[in-house]
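First to last, the protein sequences are chains P and R.
Converting from the first sequence to my numbering requires adding 472 to each position, the first position being numbered 1.
Converting from the second sequence to my numbering requires adding 1473 to each position, the first position being numbered 1.
Just so you know, the hints here were simulated from the structure itself, not pulled from any lab data.
Some hints could be false.
What the hints assert, rightly or not - Partner residues aside, some chain P positions facing chain R, computed with beta carbon under 10 Å: (1) L501; (2) H553; (3) L562; (4) R565; (5) D578; (6) Q581; (7) S592; (8) L594; (9) V595; (10) A598.
The structure displayed is predicted, hence computed values, not measured ones.
Here a beta-carbon is modelled for each residue, glycine too, at the ideal position from N, C-alpha and C.
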Amino acid sequence: MELTQVSPDAVTLWRLAGVLRSGFTTVMLVVPAGVALKVATELSAWVAVGIVLAAAALLVIQAIAWPGLTWRYLGYGVRDHDLLLQRGVLFRRRTSVPLNRIQHVDTHQGPLERFFGLSSLLVYTASTMSADAVIPGLDEQTAESLRDELARRGGDDGV
Amino acid sequence: MSDAPVAAETPWSSLHPSSLLVNLGPRIWRAIKGFWWLIFFAVFGGGGWGDLIGVGVGLTGVAGLGVISAIVHFATLRYRVHAGRLEIKQGLLNRQVRVIDPERIQNAELVRNVAHRAFGLVEVRLETAGGMRTEGMLSALSEDAAGVLMGELDRLRGRESEAVLKRSEEPVVEVGVPELVAYGLTSRTVGTVALLGGVAIQALELLEPEEAVERASGLGFGVMLALVVLAFALSFGISVSVALTRHWKYRLTRTRTELRAESGLFTRRRARIPLEKVQLTLADEPVLRRLIGYGTLSVETAGLGSMRDENQSSEASIPMVPREDLGRVSQVAIPVAGIDAWVDPLDPPHPRALRRSLYGATGRALALAGFSILAVGPWGAVALILVPLSWFAQYLDHRAQGWRVTDHVVLSRRGFWRRRTSLLARDKVQSVHLVQGPLMRRHGLGRLLVRVAGTQVALPDIGYNEAAALMEQLRPMPGTP
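Work out the full structure: start from the sequences and follow the hints.
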């Protein structure tokens, strides 16, 4: 079955979120680690700054490059009897959630997602406390119609 | 306005008045147990009688809260079966009303500790799917009231009466004292020894730190060895005592529709597990237990079982089952299984799975050796011995793995040192996941994870295409209960 890809706008959203995360990580972890390295090893200040900048650059590059790959390998499809979800770049996971096992379905929007008009869909069965399947980066209308369709087709919980 | 008929008001029932006394001890204990560290430092801190008296006064206050809690519990808890559902309300400041559909009850347990027995009472625990705690808890009912309640819930669930069920009851497993002793001896002990050692050292240091160090360094090899042996003996003793207390006179029976487990020395538990609610059985065979010809079998529903360990599980955790009986007992719990994992041949993992796990193990062992060399110098290279050892361990693990998927069950066996065999009812499958890491992709492998409520079972690594086909086969179709 051909899987549907999520909104291309999701790549921009994930990049922006990744850059913000990288900035936060740099300030909270990388810079203090650089200072600690300088104090502990008596490195010259320029080398320590270089290491910090290189680490920060790597984080930003990862934040910009990775979302494209994430988007490429993320896909979903609603079949007759199940929701099929595929995700993961290095570690790939294909999930089949039988429609008759769905307990409830949530849509979730953070501030950045709201700005881009995107939504995440969370599908719950009786198996775990957390969602069995999460589809990020859907546009709002798709997420809502998918949520309503899946909730309507949910059935016996099998427990 | 709705025209639906309104059920006549059913009067609320309360706990037995003796529940005040029965609940007093546990509630006081619950209130003060969080302050064990205070007692520890008051006794060993060297602060003298002043500290002890201060802590005593503080703990008396906390215990007073436990007493108030027991009174409020008795005064506010009410229950009834109304309009086909069990309703429990309780609470003084925070009031809670809980409604439980009898059809959703996964398993029921009747518990009698020493106090319950002295007053002829019983604690009723009803578990539904999910949640971290027992959903329906009635801490002290008279035996008659508990019988009436359970009979009413059975009737609402369309179950046969207790008298009819009793007639069809037949024994499945009984566990005697020698087997329980063996169970205790083959349970985890190294952790207990470490804990005992840690507590002993801490206590010595608190009493007289310098003297403790001086005395410890003056001990000869023989004394040290004797202390280690003593610690192990103590640990084994604790382990055996726990096993005997918890599983005393363990007995599993089955009726036409349910499993019944009974066990316990001071606190006697009687669990009832409807066969239709059984999701999986898990046979645990640690190498020592396996060597003496036994394994532990857990029968799990969507209740709390999967979140507790084998000593706490409220469902049927059968401590010792002869290995030749593990398959039979598993099939008693899941009658449609039609396969005995200890007799019938299982499918092996993919041959390339061994190569993949060897690569992974080699990488981990080399990394550890590298760290050792960095940490302790050239002598750290001794850790390279881990490389061939890890190969051998992976080979043993690979050989122990097996799986089968039939029309009714998924069977998976993994682990050499701690062999675990899961038998999972296919009609309970919630979702199926196919995972593949970079090394697995390189070898064309995939791993299936099959989830039921509260737990998941991983199959051994098989060919990716075969795993993908199995995934299609495993998802339940509409109409599957």
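Legend entry - Interface restraint verdict for P/R565 against chain R (beta-carbon cut-off 10 Å): holds (5 Å)
Legend entry - Proposed interface contact between P/S592 and chain R, which counts if any beta carbon pair is under 10 Å: P/S592 check fails; min Cβ-Cβ to chain R is 18 Å, beyond 10 Å.
Legend entry - Closest C-beta approach of P/V595 to chain R relative to 10 Å, hint status: holds (9 Å)
Inset, instruction - For the hint on P/L594, just tell me whether its beta-carbon gets within less than 10 Å of chain R. - result: For P/L594, the interface hint is violated, since the closest Cβ of chain R sits about 13 Å away, which is over 10 Å.
Legend entry - chain R contact restraint for P/L562 - C-beta distance below 10 Å: holds (5 Å)
Inset, instruction - With chain R as the partner, please determine if P/A598 meets the hint condition of a C-beta pair closer than 10 Å. - result: Nearest chain R Cβ about 4 Å off; hint holds.
Inset, instruction - Go through the hint on P/H553 and say holds or violated, using the shortest Cβ distance to chain R against 10 Å. - result: holds (6 Å)
Inset, instruction - Against chain R, run the beta carbon of P/Q581 and see if the smallest gap drops under 10 Å. - result: violated (24 Å)
Legend entry - Satisfaction of the P/D578 interface hint, Cβ to chain R closer than 10 Å: violated (16 Å)
Legend entry - Supplied contact hint for P/L501, tested at 10 Å Cβ to chain R: Violated - the Cβ of P/L501 stays beyond 10 Å from chain R, reaching only about 22 Å at its closest.
In terms of the numbered hints stated before, the structure departs from hints 1, 5, 6, 7 and 8, listed from lowest to highest.
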